[in-house]
Amino acid sequence: MGIIVGYIATLGIYFCIYNILSIGLNIQFGYAGILDFTVITFMAIGGYMAGVASLGPEQPGSQIFYILGLSLPWPVALLIGATAAGLLGCAIGLIALRRLRSDYLAIVTLAAGSIIYGLVGNNSKIFDGFEGLVGVPQPFNGVLGLNPNSYALLFLGFAAVVMAVLWVAANRLRNSPLGRAMRATREDLEVAEAYGKNTYKLRMMAMVIGSVYVGVGGVLTIWYVTAMAPAGWGTSETFVVWAALIVGGVGSNGGAVIGSFLVAVLFNEVTRFLPGISSDPSLIPEVRNICIGALVILTLRFRPQGVMPERKARFPELPEASVRQEPAIVAEEV
Amino acid sequence: MGEAPLLEVDGIRKAFGGVLAVDGASFTVEAGTVTALIGPNGAGKSTAVGIIGGALAADEGRVGFRGDEITGLAPHRIARRGLIRTFQISREYPAMTVLENLMVSPMNQEGEKLATALLAHRRYRKQERELVLKALDVLADFGLYGMRDEYARNLSGGQKRLLELARSVMADPVMLILDEPMAGINPALVSHIGEHILRLREAGVSFLMVEHNLEVVERICDHVIVLAVGRTLARGTMAELRQNEAVVNAYLTGGGVDAGTAR
Amino acid sequence: MSLFLLTLGFGVVTAAVLSLASVGLSLQFGVTNYVNFAYGSYLAVGMFATYTASQSLHLPFVMAALLGVLSSGMVAVAVDLLVLERFVKRGTSGFFLLIVTFGLALILLNLEQAIWGVGFDRYPVALGNPVRLGPFSVTPAQLDVVGVAIVALSAVHLLLTRTRLGKAMRAMSDNPTLALASGIDTRATTMWTWFITGCLAGLGGVTLALNTVEFQVFTGNTFLFVIFAAVILGGIGKIYGAMLGALIIGLAINLSTLVISSAYAIDVAFAVLVLVLLVRPQGLFTVAGKA
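Residue numbers (the numbering used here), protein chains in the order written: chain A, 1 to 334; chain B, 1 to 263; chain C, 1 to 291.
In isolation and in its complexed conformation, chain A is listed as follows (with noise of 0.2 Å):
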């Protein structure tokens, strides 16, 4: 019973994660159509900044080395990621976002995910090369004592309660005059910088809050996992984060939900049991890859929209009474 227990609350946390993940990938792509192709990179960098700000100090005899190492509390912790996320949005964005071109931005981010994958593997120095952090702290852990499935528990209902407010915040963004504007760059960034929209700004804004969403996923991830090294963020897990945003629906912040699930939840832990092929085991991670890689081109060949589309934007506040009339001329095509 217990088991079952810890795995159902590990996928619940799981399915959190992966759902702040696409959110983030949404707010950037499908708000503002900025082509991220980095997004695990940005999970990487929270979690590892969250990882080393509450770390204590490099023991000298342990054979791991990191930088930092301040032993802070978690929500300093958590802002640190955040925050680290964030900013290094921002510098990818300063170099990518000025340019009109989206497939600049797509090799931008590409490239620098592969750079930032192998300064951090290659450098023992920053968080340990490619053996990665082991034995972080997890919030709460040491202060109430309980055994692994009620923690598992508890980090499930905060997990639960940080998507939730990630949640409300990007439902807000996208209904707001903001997110509208942000759509407008998304459909065309042309014709909105010549209404007046900044389009560079808005963008980058984008850009930022998204990356500091997948930030906080990265957080999440290295709390509960307590442990992180780059075989976790590899090329391959950017693209679970796509699949889930691409089958759940861009634009759709009820799609990233249903994609998280169907995607990063329900996909991996089903192919995770796939009898191997020609009973060699060793090679289910790549058919896992070449799955995910084709349910998104199917996805995107058959069902574009994904499986919960985009909505209309609905204005509420429309009167009631507001009846009027059709002027007689109704333009036809040629």
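Computed footprint of chain C on chain A; a stretch qualifies when at least three of its residues, placed anywhere within it, have a C-beta under 8 Å from a C-beta of chain C:
1. 32 to 46
2. 106 to 114
3. 234 to 241
4. 299 to 310
Source of the hints: derived by calculation from the structure; they are not laboratory data.
Please read these numbers as outputs of a predicted model, since none were measured by experiment.
No residue lacks a Cβ here, since even glycine has one placed at the ideal position from N, Cα and C.
Got chain A; can you put chains B and C on it based on the hints?
Using the frame of chain A, we list chains B and C on its own:
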């Protein structure tokens, strides 16, 4: 008119890869007029519009609007001063509704501030309601009210042209620059759009419009500026220009007068 | 000074490899008008098909390489026919096409991993002892690489200037609407473009493998960023720009090893890319970027 002109274009020059698209064109647009910008294909009309609107940087020359120099400003800054330009091919926000297309346009919306959008959505609610009412009125004026909740991509070509004008009106412009607002639509709608332009002029909006259809130009434009090979060839009323040999020649030698791909 | 010249020699070899791949990517972009993120995997196809043909089938290396190059061209055509063409036909917006090619990159890379594993391999050919050529010191294999690049790029030049296909490709690159209107068979031209650029990618992969000696399936994908840097530097879609971009990036990467560790080769390419994007995003050699 003793006042300074609303828009002053002075000696703008722009080359693309050694080819001069605009070669020292100068002209002015007076407040309260509908001014046409005509010329054969490749005369540099769209390039000139791009430079005025800030989308293209001129190699030389200056542009003044309401007495201030706007040369080299970012397009959104120029738009914020009340100078709005439309595009040759109508470019709606396809996956947004017609009403939403209009709601993007108003400048300085309170809800475009991040803190207000996230934390104090009540603060912008009143302005939002006023803007929705205004947008519905504008949609009714342009005969698009029934389409308000339709995705803009589902409109017909003519309706997209109307939407373009409607959303420009929502920006409260001082001056509108229209790049071939009547290209590719049927004659009934052409005169319909012409009426809208005249109505807006009465409401105080000034216009500069690139147009190929000389009948339309004759009917609704107060002044006409003729560009040829990147320079200002002539200006005056359509009747005056018909007498102008240089203008007639430019049109005859400059190839067909149609909506080509002279971008 | 001699170290400088020696490094310069290696730089030329890198530039030769890079120019093959960059011209392919740039040519494909020019004709199809979207970036293909799966391009790095095409390099790996050429690299490893050659490996299999020479290691397992015991073909002579030149035959094996030819087979490898053709197979990456075929893979490029197959991917276009099976996937990309269907999206293009439906008018899928550029955003989503990029995501599709990103997905294809993931699929192809993982297929390659499944087939060839993730370990390092080397071709069963003798690379020869370094020979001295004036101040330079290169292996005969590296000399061959430079020779192959010169021949292949000259062939591309002749193709583009002398043949009907090449003229059609240039027309589509300059103005696709006009090309279609003027009776060019855009579908066939696109397919040939994929084949030729796929072959160039394969050739880039084989020469890259010869130059680095040891290679794995990720080698192509990592090199993709260096290719992007060269292509954007030269002005995306511009073939001769890509050659010049490749020369500059190739030299920059190798000369940088004089001052910093060679582990940072990609970072150097990225730094150049960032610099170009900040200062002159339309590329060094173009006057007006493609809209």
